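Chains R and P, in that order, give the protein sequences. The first sequence stops at residue 355 when you use the numbering used here, and every number in between is there. The second sequence stops at residue 1549 when you use the numbering used here, and every number in between is there.
Among the clues, some could well be false.
[Said to hold, decoys possible] Listing some non-contacts, in silico: residues in chain P with all C-beta distances to chain R over 10 Å:
#1 Val1014
#2 Val1018
#3 Leu1044
#4 Lys1114
#5 Leu1124
#6 Ile1141
#7 Phe1164
#8 Phe1175
#9 Thr1190
#10 Ala1193
#11 Leu1227
#12 Glu1426
#13 Met1430
#14 Leu1479
#15 Gly1498
[Said to hold, decoys possible] In silico SDA-like cross-links for lysine to any residue, where the CA-CA straight-line distance does not exceed 25 Å:
#16 R:Lys114 x P:Thr1162
#17 R:Lys60 x P:Lys1354
#18 R:Lys60 x P:Arg1200
#19 R:Lys114 x P:Gly1148
#20 R:Lys114 x P:Pro1160
#21 R:Lys93 x P:Gly1332
#22 R:Lys114 x P:Thr1067
#23 R:Lys114 x P:Gly1069
#24 P:Lys1290 x R:Val75
#25 P:Lys1290 x P:Val1216
#26 R:Lys60 x P:Lys1499
[Stated by the list, open to error] Counterexamples of contact, computed for chain P against chain R with all Cβ distances above 12 Å:
#27 Asn1022
#28 Lys1120
#29 Arg1497
Bear in mind the hints are in silico, worked out from the structure with no lab data behind them. Treat the numbers as computed from the prediction; the structure is a model and nothing was measured. Ideal Cβ positions, reconstructed from N, Cα and C, are used throughout, including at glycine.
Listed here are the chains, written in short residue letters.
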Amino acid sequence: MTALDDLMRRLLFLPEARSTFAVPVDRLHFFVITVTMIASTITGLMAFFFFFKYRERRPKQSTPVVVPSMRFEFVVIGVPLFFFLLWFVQGFKDYVWYTTPPKNATDVYVMAKKWMWKFSYGGDGPNAIGTLHVPANRPVRLLMTSRDVIHSFFVPDFRIKQDVLPGRYTETWFEATKPGRYQILCSQYCGTWHSQMWGEIVVMPGPEYDQWIIEQRRGLAARVDTGGDDGPSFHGSIVEYGKKIAMDQGCVKCHSLDGEPHIGPTWLDLYGKQETLENGETVTVDEAYLTDSMIDPRGKIVKGFKAVMPTYKGRLAAPEAAALVEFIKSLRTQNLDTVPSKEAIYEPVKPAPRR
Amino acid sequence: MSQSNQLHDDSPPVYPAVNYLNADRGVWSWLTTIDHKRIGIMYLVSVMIAFLLGGIFAMALRVELLTPGPTIMGANTYNRMFTLHGVVMIFLFMIPAIPGVFGNFLLPLMLGAKDVAFPKLNLLSLYLYWTGATIALCGMIMGGTDTGWTFYAPYSTSTPMTLFPVLLGIFILGFSSIVTGLNFIVTIHTLRAPGMGWMRLQLFVWAIYATSIIQVLATPVIGLTVLLVGIEKVGGFGLFDPTRGGDPVLFQHMFWFYSHPAVYIMVLPAMGVVSDAIAAFARKNVFGYKMIAYSSLGIAFVGFFAWGHHMFVSGQSSFNDGAFAVISMLVGVFTAIKVFNWVATLYRGAIAVKTPLIYICGFLFFIVFGGMTGIAVATVSLDVHWHDTYFVIAHFHFIMVGAVIMAFLIALHYWFPKMFGRMYHEGWGMVAASLIVLGFNATFIPQFLLGNAGMPRRYYMYPERYQALNVASTAGASLLAFGFIIILIYLIYALVRGKVAGDNPWNSRGYEWMTTSPPPKHNFDHPVIIDRDSHDYQEPGEEVEHVVI
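Looking at chain R on its own, in the form it has when it is part of the complex (with noise of 0.2 Å):
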C-alpha cells in the first residue's frame, strides 16, 4: 500500500505525506483523480470513436430517433451522484477530524504580517521569526491572526492550509510525523512580496525538541538576567556571528546586503552614513542608532521608508545585537557616500537568499 501510494505520489508530483492528515488526504486524492481521468478519458475517446463509427455517409443522411429509457436516466444520475456522495462522506470525515484539534496539543501562537510569520509559544516561552520549532509525532496546535490583511499559513508537505484573518483568531493543527525541515507558504495574496512570505517547520524528535524548549527558555531568561553572558556559543569572527544572526532573525528579507534599496535601507555602507528621517532631523548612523533601530525601529524612521520592522527587543542578547552592529560595520565599499539612503522601492532586486 505504501508502495503504491510512493508511486502515485511520484506521478502526482506531490510533496511528502509528512503528517498524520496527509495520508488519508492522498489516499481519497488518488482515489478521486483516477476516477476522473478515467471518466474524462473515456469521455473524450468516446466522442472520438463515434466521430467514426457514425461519420455521415450521404448528404442528409437520416438519423434514428434515439430516446432514453427510465433505466439509462437513472444510471445517468445514479452513478455520478454515488461517487460524488461516496466522496464527500470520506472527504467531510476526515475534514471534520482535521477541524477538531486534540485536547492535548503543544500551543504555539501564530503572528502573521506582510510579509513574514512570527511564533510565540506563550508565558516564558520563546519567539521566532521565519521558523517554527515543533515535535515529531505529538500533536501541534496553531492559534493564529493576523496584523494587517488576510494570509494563508499553507504546509504543503503536511497538506494543511488555513487563512489567517486580522481582528480575529483561527486555528489549526496538525501532527508530523517524521523530524525534518519543512517550507511554510503564504497562500493568500497579500501584496508586493506574498510570494516571499516564506517560512519554515523544523520537526525535532521529541526529547530533543524538549531538550530545545528548555535551553530556549534559559537563554531567554539568561538574556534578560545577565545581558546574555552565556548566550549560544559561536566559533568565529564576531562578523561571521552577526552574519549568521542577520539570516536566521530574517534580517536580510528586508535589508539587503548589496547596495540595493529594499523593504529597508540597505546594510551596505550604511555605518557612517547621514540619514534623514521622516520628521526632517538628520542622524549619523553609529552604534547608537543601529541599536535603537532594533530594540525600537519606530522610534527613528529613515525618510522613505515605512514603518513596518518589528521590535526585536527580548530577542536579541547584547552580545547577538553587538555581532549584527558589527557585520553592519564591516560592510563597507572603497566610496561610501554620505547621502541619505535611497528610498524604499516595492520592486525586486533579487530573490531573497535562500536557505
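Following the hints, position chain P against chain R.
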C-alpha cells in the same frame, strides 16, 4: 416554411445582395443601430479585443514565471498584470462573450422574431459595456490596481493603489449584464413565433434563458459589493476592515454570492452552444432534450447556494463547509446529465467531422476533467491542500478556457457563415483546432501538477523545485497563442475572400437557418410559423426509426 433551407441543392450558393451588413452604410449607422445582429457583431469585435488584451497579459505572466526569480518584470508589475488578466478575462470577455455576441445575434432568429423585445435597451447595454470597460481598463492601468480580480478585503481597502475607477467600471459593466439578461428574458417570453411552444425552443435558447435569470438576480450583488468596497476605501467606513470594526469574511461571502453564479453565467451559454452544435453536426435529435433543458435551470438554481465552497479555509464553520460541499456536488450531477446526453446524441448519428467537432471532442474531455476536479476541490478535506494553489487555477481554467472558450470557438465556426455568409478555410480550421486542444492540455495539465506540488497562486517568485512544470506550462501557452493567431488570420481572410457559404451550409435544422445567411435587416422576408421540433432531423414523410437505450 421549414422547406426553405432545402432549396437550391445543386446551384452554386448565392450571397444575398441586400442583408443586414449592407442595408445601411457608414460608421454612424452602426453606432446608432438598434438591429440585434449589428449589436452582436459590435460585441464580437469588442470581446475579441478584450480577449486579445487578456491573452497578452496571460502570456506576460507565463513568460515571467519561466524562472523562479525575476524574469521580465518587477513584483508590483506582476501583481498588476494578473489583476488585469483576471478582470479583463472575466468581466470584459467571459461574461459578455457568448450572451453578448451569439445571444444577441441568434436569439431573435431562433425565436423567429424581428428583434429583441427592447432594441434600444439592447444598444444601451453595449454602450454601458464600452463605458465600463474603458473606465475599468484605464483605471487599472493608470492606478496600478494590484488586488487580483477578487478584491479581497482588507487588502483591497488598505492598498495604496487606486481602486475606485476599476470598481466603478465593474459597477457599470454589471448594469450592462443586467440589461441584457432582462431583455432576453422578456424576448423569450413574448416574441416566440406562432407554433413555438417552450418545448420547441432550441437548447441554446434554454441556456440563454437560464443564464439571463442569473444575470438579473446575481449581478446586483456584485454591484452592491464593489459599491461597499468603494465606500470603505473613499469614506473610511469600517465595513470589511477589522481595524475599523468591519468583517473581512463578509466581503468574501458577498463577493462569491455573485462570483460563483457568475461561473454559470459563463458556462451555461457554452453548454447551450454545444447542445445545438452537436445536434447539427450529428444530424440528430438531441438525446434527452428535456433533461438538458431542465438541467440548465437546475444549475442556475443550485448555483446560487454553492458559493461557500470558495471559503473552506477562510475560517467558516465546518458545518457550513459540509453543506456547501454537498450542494456543489449537485451542480456536478446536473453537468454529468448533460455530458451523458451529448455523447449519447452522437450515438447512431450521421457525423460530419468539421472544425467545430474537434472543439466538441476537446470540450467533452475538458468539461468532464474540469468538472470532476471541481468535485474534487469541493471534497472538503482535499481542498485544504489545493486551495489557492495552481490546482485551483488549472481547474477553473479547464472550465473557463477548456469549456467556455472551446464553446466560443465552436459557436464562432458554426455560426460564422450565418453571420457573414462566407466560409472559413476548413483545413486551417482543423489545424488550429488541433493546436488549441493540444496547447490547452500542455498549458494546464502541468498546472494541476504544480498545485499538487504545492505552488500557491499569485506567486511572482517561487521555490526552484517548481520550475520544470512552469516552463512546460509556458511552452503549452505559446502553442495555444499560436493557434489563436492562426484563427484570427484565416477568419479575417474568410471575411473578405471566403467562399460564399449559402443559406445553410451545414444543412442544420436550427430555426436560425430558416432565413438567408447573412440575414436581411429584419431577419425574415416572410412570416414565420413553426411546425416542427427544433432539432428534428427527419425529412418530411420519412419513416422514423425509434430506438430506446
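Hints and how they fare:
1. Val1014: Given that every Cβ of chain R is farther than 10 Å from that of Val1014 (chain P), nearest at about 19 Å, it holds.
2. Val1018: 29 Å, holds
3. Leu1044: Given that every Cβ of chain R is farther than 10 Å from that of Leu1044 (chain P), nearest at about 28 Å, it holds.
4. Lys1114: 30 Å, holds
5. Leu1124: 35 Å, holds
6. Ile1141: 18 Å, holds
7. Phe1164: 19 Å, holds
8. Phe1175: 28 Å, holds
9. Thr1190: It holds; Thr1190 (chain P) is separated from chain R by about 31 Å at its closest Cβ, greater than 10 Å.
10. Ala1193: 24 Å, holds
11. Leu1227: 21 Å, holds
12. Glu1426: 14 Å, holds
13. Met1430: 12 Å, holds
14. Leu1479: 18 Å, holds
15. Gly1498: 21 Å, holds
16. R:Lys114 x P:Thr1162: 20 Å, holds
17. R:Lys60 x P:Lys1354: Holds: Lys60 (chain R) and Lys1354 (chain P) sit about 15 Å apart, inside 25 Å.
18. R:Lys60 x P:Arg1200: Satisfied, since the Cα-Cα distance of roughly 22 Å is no more than 25 Å.
19. R:Lys114 x P:Gly1148: With Cα atoms ~17 Å apart, Lys114 (chain R) and Gly1148 (chain P) stay inside 25 Å; holds.
20. R:Lys114 x P:Pro1160: At roughly 14 Å apart (the allowed maximum being 25 Å), Pro1160 (chain P) and Lys114 (chain R) satisfy the hint.
21. R:Lys93 x P:Gly1332: Holds - the C-alpha atoms of Gly1332 (chain P) and Lys93 (chain R) are around 21 Å apart, at most 25 Å.
22. R:Lys114 x P:Thr1067: Given that 25 Å is the threshold and the Cα spacing comes to 24 Å, the pair holds.
23. R:Lys114 x P:Gly1069: With a Cα-Cα distance of about 19 Å, the restraint between Lys114 (chain R) and Gly1069 (chain P) holds, given a limit of 25 Å.
24. P:Lys1290 x R:Val75: 17 Å, holds
25. P:Lys1290 x P:Val1216: 24 Å, holds
26. R:Lys60 x P:Lys1499: The given pair, whose Cα atoms are some 21 Å apart, holds under the 25 Å limit.
27. Asn1022: Holds: least Cβ distance 31 Å, greater than 12 Å.
28. Lys1120: Label holds. Min Cβ-Cβ 41 Å, cutoff 12 Å.
29. Arg1497: The claim stands: Arg1497 (chain P) keeps its Cβ more than 12 Å from every Cβ of chain R (closest is about 26 Å).
The structure agrees with every numbered hint stated previously.
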